[in-house]
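Colleague: Between the sequences and the hints, there should be enough to build the whole structure, so can you do that?
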Amino acid sequence: MSEATGTRTILVGVDGSDASVEALRQAGTLAAPLAAKVVALACWEFPPVYDGYVAMGIDDFDVRAGEILQETVVKAFGENPPASLETRLVQGNPRRTLIDESRSADMLVLGRRGHGGFGGLLLGSVSSALVAHAHCPVLVVHAPERR
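Using our numbering, read the sequence shown as starting at 17 and increasing by one per residue.
There's no promise every hint is true.
[Said to hold, decoys possible] Cut-off 20 Å, straight-line C-alpha distance, at most; resulting in silico cross-link-like pairs (SDA-like, lysine to any residue):
1. Lys53 <-> Val157
2. Lys91 <-> Val157
3. Lys91 <-> Arg41
No lab work stands behind these hints: they were computed from the structure.
Modeller: As structure tokens, this is what we get:
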């Protein structure tokens, strides 16, 4: 619980994947009975070969990340997101940023992108790092199965 506001915070890592949409939905479901706010956080970085992207006319990484964040919110909640939802777009490495942000969260919710079969049993690199290093409890949510 945040000492400054007295409000619980559920932090959700958002990347536009089906798994992150489901993570955001689950966080929204958990927020109401816990009287918590949900913070949907998307991270973006400049690629290592940034000049090559600029030469091709691609240089709006922050704008696209913001669009993905908003699209994820709409996919998770439709046109009426919960009043307790806050969205944040942060420039930085997702692992480091989410680990740092977990210091002030009561829970971190992440989606994991499974690949089915044996490989689907393994956590991805970001979710593995956060399970090991976050400063709060972590809930890893599977993407819903498609039939």
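Colleague: All the hints need checking, so say for each whether the structure fits it.
Modeller: Here's how the hints hold up against the structure:
1. Restraint check for Lys53 and Val157: the C-alpha separation of about 18 Å stays at or below 20 Å, so the hint holds.
2. Proposed proximity of Lys91 and Val157 is supported: the alpha carbons are some 16 Å apart, at most 20 Å.
3. With a C-alpha separation of about 9 Å, the suggested pairing of Lys91 with Arg41 holds against the 20 Å cut-off.
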